[in-house]
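Line order of the protein sequences matches chains A and B.
Note that the numbering used here has the first sequence beginning at 18, numbered continuously upward.
Note that the numbering used here has the second sequence beginning at 93, numbered continuously upward.
Quick caveat, the hints were computed from the structure, so don't treat them as lab data.
Among the clues, some could well be false.
Said to hold, decoys possible - Here are the simulated lysine-lysine pairs, DSS-like style, with alpha carbons at most 25 Å apart: (1) B:Lys277 to B:Lys247; (2) A:Lys98 to B:Lys267; (3) A:Lys99 to B:Lys267; (4) A:Lys114 to B:Lys106; (5) B:Lys106 to A:Lys107; (6) B:Lys277 to A:Lys206; (7) A:Lys114 to B:Lys267; (8) B:Lys223 to B:Lys247.
Below are the chains, spelled out letter by letter.
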Amino acid sequence: MTQSATPYQAQQATPSGGQIAPLANIGVMEQAIYRLSGRGPNDPGMMVVSGPSGYGKSVAAAWARARHRAYYLQLDDFITKKSLLVNLCKVLGLEPKGATWELIDIVAAQLHQARRPLIIDEFDFIVDKAMVMSVFSLYEKSRASIILVGEEAMPAKLAKWEKFDGRVLDTLYAEAVGLDDARVLARHKFPDFPIADDLLAHLVKIANGSVRRVNNNLGIIHGTGMGEGWDGCDLNRWGDRQLQQAGVKRRVR
Amino acid sequence: MSRQPAVVELAGGKSTRQRIWEAMRRAEANGPQTYSTETLSRLCKVEMEPVREYLKALTAAGFVVLAHEAREGGRVKYYWALNRNAGVEAPRVRRDGSEVTQGHGTEAMWAAMTALDNFTHHFVAHIADVKPGTAATYCSLLGKAGYLDVIEPGKGTGKGGIATVWAVAQAHRAKPRAPMITRLKVIYDPNIHKLVRLEGANEAADQVERGEVVE
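Make the full structure from the sequences, and use the hints.
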């Protein structure tokens, strides 16, 4: 193979042109990509991004795909070593033909040559099935920038695999939804239906960190508003109508 | 017989340039090679002219370098070598080596859509950094072709209008390459190398009736 002699370098992530990332967790993903692309040849090349369900991690992944041409694989409970490689082939645009030992080589080669980051979402499934070392091997063979996205307990579970842990550059935590995020969401979803800050602050309070819940409640408010013929809404107007609340099962933070 | 190395090829439809690129990568599996335009043209079964054109672009971008020249029968022949193997996708470069940017917006939109649970065209436009109008057209045409499901139909336009909430249909979710809308408003799916939606004959007849046919 005629590779250039320079050590592997991830493609320089283009900073988003001075534009402010629309949601806080897009900023977290942006940081992960930026850190990986700026790493030295001997630095580890995997990043962990973790956070509870509904924190907007997948939206951040969508951003990374669109803006950095990141490869993106979402896992499910049916994952096996073979299906992991077959699915990776599909993600990379390769024909998934061959035995497992052949697939690992072509997947690793493509990741190495294309110099695009890989995001693996719902990585918990790999951890729970103790397939972590397969991803370790994939990393060792490709030296690609890999971002592992999972639930909040994942970093602790990963620490069990010491060898793997040594290849993780850093762990970033997704941020709970804030008022700024709520404003961006409201403006984007319903540009012609202003929702006042006091109501947004209330939504953030009852969402317990979940962007998804704020999103759902915005939908409920807008639906009600349309039905009632409002031209906007604030906390006063909303009164004590029903909204989605965070469940009681969540641990207190 | 020893086992042949697995030949890695791009899944789905291939452009001429993709075939040229793959021929080079295939030959490379047996160690570094040099090619004249002629040998490469024969390897990929593509005419000389497009091969020469693409080699020029690849050289300008640094993917290919001039290996050596040889004097053969009074003519100078150039031999090229692959310098940077950039993976299975043929680099999209112009003659001066700069990147072809056309199609980036569509690619970004499709990438965002397939990662999101559901979305409005506003949101896709924001994530993919394209104009809202571009995203709206892409969504509605893909919707007509059955690539997107309507989760919540929108109504009205402009102030007070509600944008349609879309989601990528399950059957198309895992497709890595973005369906493209060609100039004739035909949708081409490079994953299966097929035109997946054409305006029907009835629409054409109606357009003629309305005097909408472009000469």
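We went through each hint and held it up to the structure:
For the hint pairing B:Lys277 with B:Lys247, the CA-to-CA distance comes to about 24 Å; that is within 25 Å, so the pair holds. In summary, the hint linking A:Lys98 to B:Lys267 is supported, as the alpha carbons are separated by about 21 Å, within the 25 Å threshold. A distance of roughly 19 Å separates the Cα atoms of A:Lys99 and B:Lys267; the hinted pair therefore holds under the 25 Å criterion. Distance restraint check for A:Lys114 and B:Lys106: the Cα-Cα separation of roughly 18 Å lies within the 25 Å cut-off, and the hinted pair is therefore satisfied.
Using a Cα cut-off of 25 Å, the hinted pair B:Lys106 and A:Lys107 holds, with the two alpha carbons roughly 16 Å apart. For a cut-off of 25 Å, the pair hint linking B:Lys277 to A:Lys206 is broken: about 28 Å separates their Cα positions. With a C-alpha separation of about 17 Å, the suggested pair A:Lys114 and B:Lys267 falls inside the 25 Å cut-off, and the hint holds. Between B:Lys223 and B:Lys247 the CA atoms are separated by roughly 20 Å; this keeps the pair inside 25 Å, and the hint holds.
Comparing the model with each earlier hint shows a violation of hint 6 alone; every other hint is respected.
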